[in-house]
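Enquirer: Those protein sequences? They're chains Z and X, same order as listed. Counting along the first sequence from 1, when you hit position 75 you're at 75 in the numbering used here, and nothing is skipped either side. Counting along the second sequence from 1, when you hit position 37 you're at 37 in the numbering used here, and nothing is skipped either side.
Just so you know, the hints here were simulated from the structure itself, not pulled from any lab data. A few of these clues could be false.
The list makes no distinction among identical chains, and a pair is therefore deemed to hold if it is satisfied within one copy or across any two copies.
Each computed DSS-like pair below joins lysine-lysine, with the alpha-carbon atoms no more than 27 angstroms apart [to be verified]:
hint, residue 1, residue 2
1, Lys28, Lys354
2, Lys354, Lys54
3, Lys54, Lys167
Number of protein chains: 2
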Amino acid sequence: MTEPTETTSDTDRIDLLHQVLESGSVRKATRMLNALHPAEIAHVLQSLPPPQRKIVWRMVDDAAEGEVLLYLNDDVRDEILRGMDATEILAAAEGLAVDDLADLVQDLPATVTSEVLSSLDEQRRERLETALSYPEDSAGGLMNTDMVTVRPEVTLDVVLRYLRRRKDGLPEITDNLIVVSRQGRYLGVLYLTDLLTNDPDDSVAEVMTLDVQPIPADAKAREVANRFEQLDLVSAPVIDADGRVLGRVTVDDVMDVIREEADHQFLGHAGLSEGEDMFAPVLLSARRRAVWLGINLLTAFLAAWVIGLFEATIEQIVALAVLMPVVASMGGIAGTQTLTLAIRGIALGHLSAKNIRWLVSKEMAVAMLNGLLWAAVVAGIAWLWFGSSGIAAIIATAITLNVLAATLSGALLPLLLDRFGIDPALAGGVILTTVTDVVGFLSFLGLASLFLL
Amino acid sequence: MTEPTETTSDTDRIDLLHQVLESGSVRKATRMLNALHPAEIAHVLQSLPPPQRKIVWRMVDDAAEGEVLLYLNDDVRDEILRGMDATEILAAAEGLAVDDLADLVQDLPATVTSEVLSSLDEQRRERLETALSYPEDSAGGLMNTDMVTVRPEVTLDVVLRYLRRRKDGLPEITDNLIVVSRQGRYLGVLYLTDLLTNDPDDSVAEVMTLDVQPIPADAKAREVANRFEQLDLVSAPVIDADGRVLGRVTVDDVMDVIREEADHQFLGHAGLSEGEDMFAPVLLSARRRAVWLGINLLTAFLAAWVIGLFEATIEQIVALAVLMPVVASMGGIAGTQTLTLAIRGIALGHLSAKNIRWLVSKEMAVAMLNGLLWAAVVAGIAWLWFGSSGIAAIIATAITLNVLAATLSGALLPLLLDRFGIDPALAGGVILTTVTDVVGFLSFLGLASLFLL
Numbered sequence: 001m002t003e004p005t006e007t008t009s010d011t012d013r014i015d016l017l018h019q020v021l022e023s024g025s026v027r028k029a030t031r032m033l034n035a036l037h038p039a040e041i042a043h044v045l046q047s048l049p050p051p052q053r054k055i056v057w058r059m060v061d062d063a064a065e066g067e068v069l070l071y072l073n074d075d076v077r078d079e080i081l082r083g084m085d086a087t088e089i090l091a092a093a094e095g096l097a098v099d100d101l102a103d104l105v106q107d108l109p110a111t112v113t114s115e116v117l118s119s120l121d122e123q124r125r126e127r128l129e130t131a132l133s134y135p136e137d138s139a140g141g142l143m144n145t146d147m148v149t150v151r152p153e154v155t156l157d158v159v160l161r162y163l164r165r166r167k168d169g170l171p172e173i174t175d176n177l178i179v180v181s182r183q184g185r186y187l188g189v190l191y192l193t194d195l196l197t198n199d200p201d202d203s204v205a206e207v208m209t210l211d212v213q214p215i216p217a218d219a220k221a222r223e224v225a226n227r228f229e230q231l232d233l234v235s236a237p238v239i240d241a242d243g244r245v246l247g248r249v250t251v252d253d254v255m256d257v258i259r260e261e262a263d264h265q266f267l268g269h270a271g272l273s274e275g276e277d278m279f280a281p282v283l284l285s286a287r288r289r290a291v292w293l294g295i296n297l298l299t300a301f302l303a304a305w306v307i308g309l310f311e312a313t314i315e316q317i318v319a320l321a322v323l324m325p326v327v328a329s330m331g332g333i334a335g336t337q338t339l340t341l342a343i344r345g346i347a348l349g350h351l352s353a354k355n356i357r358w359l360v361s362k363e364m365a366v367a368m369l370n371g372l373l374w375a376a377v378v379a380g381i382a383w384l385w386f387g388s389s390g391i392a393a394i395i396a397t398a399i400t401l402n403v404l405a406a407t408l409s410g411a412l413l414p415l416l417l418d419r420f421g422i423d424p425a426l427a428g429g430v431i432l433t434t435v436t437d438v439v440g441f442l443s444f445l446g447l448a449s450l451f452l453l
Numbered sequence: 001m002t003e004p005t006e007t008t009s010d011t012d013r014i015d016l017l018h019q020v021l022e023s024g025s026v027r028k029a030t031r032m033l034n035a036l037h038p039a040e041i042a043h044v045l046q047s048l049p050p051p052q053r054k055i056v057w058r059m060v061d062d063a064a065e066g067e068v069l070l071y072l073n074d075d076v077r078d079e080i081l082r083g084m085d086a087t088e089i090l091a092a093a094e095g096l097a098v099d100d101l102a103d104l105v106q107d108l109p110a111t112v113t114s115e116v117l118s119s120l121d122e123q124r125r126e127r128l129e130t131a132l133s134y135p136e137d138s139a140g141g142l143m144n145t146d147m148v149t150v151r152p153e154v155t156l157d158v159v160l161r162y163l164r165r166r167k168d169g170l171p172e173i174t175d176n177l178i179v180v181s182r183q184g185r186y187l188g189v190l191y192l193t194d195l196l197t198n199d200p201d202d203s204v205a206e207v208m209t210l211d212v213q214p215i216p217a218d219a220k221a222r223e224v225a226n227r228f229e230q231l232d233l234v235s236a237p238v239i240d241a242d243g244r245v246l247g248r249v250t251v252d253d254v255m256d257v258i259r260e261e262a263d264h265q266f267l268g269h270a271g272l273s274e275g276e277d278m279f280a281p282v283l284l285s286a287r288r289r290a291v292w293l294g295i296n297l298l299t300a301f302l303a304a305w306v307i308g309l310f311e312a313t314i315e316q317i318v319a320l321a322v323l324m325p326v327v328a329s330m331g332g333i334a335g336t337q338t339l340t341l342a343i344r345g346i347a348l349g350h351l352s353a354k355n356i357r358w359l360v361s362k363e364m365a366v367a368m369l370n371g372l373l374w375a376a377v378v379a380g381i382a383w384l385w386f387g388s389s390g391i392a393a394i395i396a397t398a399i400t401l402n403v404l405a406a407t408l409s410g411a412l413l414p415l416l417l418d419r420f421g422i423d424p425a426l427a428g429g430v431i432l433t434t435v436t437d438v439v440g441f442l443s444f445l446g447l448a449s450l451f452l453l
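Generate the whole structure from the sequences, applying the supplied hints.
Expert: Dropping the structure here:
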């Protein structure tokens, strides 16, 4: 730790590395880099554009490569794995814990995966296969098989002596030992803090905590995260359908779940995937984004087609063309607010079919108030601008209708999409825009055709 | 734990409570409710509309009220605090840890705050005042003063005996003891796991870990969260400018920071605040949202004004009115993708002024490819639809220009806004829409006026 890395912020550090890289001092840069934690090295790699990323990757100590790979997001990891041959990948995979290996293996080409599997000893292979048998976004997929279990009838003193004899210490992020029956069924947890502060002659059964509920292996990652957040857990045991302990989930993996979920929601509304690398190759990014632009183009053309139905009307009253984006936009904004609230409500488990009625009636009341308020404002401006009370009346009506339709869609869409297994964070926005464009243009131009011609 | 709460999911539980509430069995509902963890009670309250929320709040055990308040989001907490008098608030505040009290006090009316302060003993008041002296979103604001420190020269055996003599156990989420010098300066941490697995005759200095870097009290909450995520920390010491240990940050508070940050990004893009209660009173919601609708209306009218400049052109070629939303929309989508990526990059510390050049050139390359691709598609459709090669050529040019302008703004806006202290998650989207609307309409209608009339 001779480099001043500890007090500098991430960007300073990257900046420093850039400078050293540019000065051409590879040895100094290598030394600086390998003084960092694997997660920090991953962070640096992700902040670098691909050409520099390749150079820096070559500087990483062989022993740290596996860990660094784990901390990279999917895109950058794929990019780096593509540049490695099977031998290098095997070497990197060597020192990893089984649950970490499981994460990594899922990104490998099938041929390399089977090589990795056959390079493992019996026990590790079995554990890896168990870990791989659960979906990545379930408690089973998140869990760690590295844990310490104790029996309820022994005394704390026996536990203390047992721990001191363990040659390789305790697994990382161990805040409790899992108390199991002879059959391996979950009974409770013994917090290390309780182990340290209670009488060594007490039995585990007397001191253990009963209110940490074990997590079923098929629980969804999102539910696991919500539970960790609510109960301030550091680790929690995972059980199978028979109550047997399979492993445990630790808070570091839960933080990743929360971050990924958040990324998914935030990036999803722009049609980006959560593994998106900021410096992904141009062609890869362009291809992915093209799909999203194409889907949105369909929406835009649907809107254009609706406008096209009223060409004759617009030809006579050009003011309609001037004002129509205002109608669509007000609906879009109001609907997005409700949609966003509903998507988050579902993610946090606050919103379900049981209380959707409340949300809808509240949001519709809000929409009615704001719809009328802004309809009046827009009508006033339109009247001053074009001096036509007819246009003013029609734009006010159209805005009110569109805001109400947008809000109703915004509230109902997420639960509806969720029920059909479609991800609301991805599809919600596009569908909502379609609704607000179509309803906006149709009501405004339609009413104008009926009453102004 | 006689109720089947442990195996049912959150929504089932809320559902069950609803049923019991509707059946009018207040006693049963009260019993069910108070069997839950305070965080779960808070969750239930947040899933209920205000009238039912008041009823359920009255059922909560007095002793649990303080804790439940802590887990509520700002809006719901304010609502409930407004319904309590000073005596009730004082009673609820009684059993809370100092850092939790600090969170709560910030939401109280000033008169109640001073009552709370004067009701505390000397030591607790001092600690509370220290906690309140740091901004809420800094390490000092997040930290907990409840911690155990040890000196480096003592043996593990001394530490073990000291811990066993502590009457009130160890603070929650204690994974390590903080090793300090005689002057209270930070030296390292002693993990409980190391304390348990090493020879009791070893000294703390021999066993302690040096590579947990202490966090300066003025570090931003976001940086603290990034560090916890990167280094898989459970707790970390907080120091003042002289290196003296002030307290520690624990992972439960960090999870809250990550969630709030994520909420802020996700809700912010729709102009909602992160404390937003899904069931907030209609008038409150309406007033808050009205502001956002008003700001966006300005944008919409700016766009309308641009279109208005070309009324004469549209009168002659109505097809322009039909197609113009397509031009604005393609720019909006492409720009939002880049904007979203840049906002996230800044939040994660991956993007700074040092590597923005790379992001811009990569995004512009992507924009050029996609702009040309979709410009060609749109031009083809426009040509088929209106049979005018002039319109086709002009819409292709306008889309390409708009996608490029949108992408450039999307990439540069977040850093620019950040530099001026404006929150990109809030303002980025509105400004971007303004750019894509104005550039889209101006280029499309402007080019048409120049070349088609």
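Enquirer: Each hint needs a verdict: does it hold in this structure or not?
Expert: Outcome of the hint check:
1. Lys28 / Lys354: between (61 angstroms within a copy, 20 angstroms between copies)
2. Lys354 / Lys54: So Lys354 and Lys54 pass the 27 angstroms test across copies only (18 angstroms; inside, 52 angstroms).
3. Lys54 / Lys167: Classified as neither: same-chain Cα gap 38 angstroms, cross-chain 56 angstroms, threshold 27 angstroms.
In the structure shown, a violation is registered for the earlier hint numbered 3 alone.
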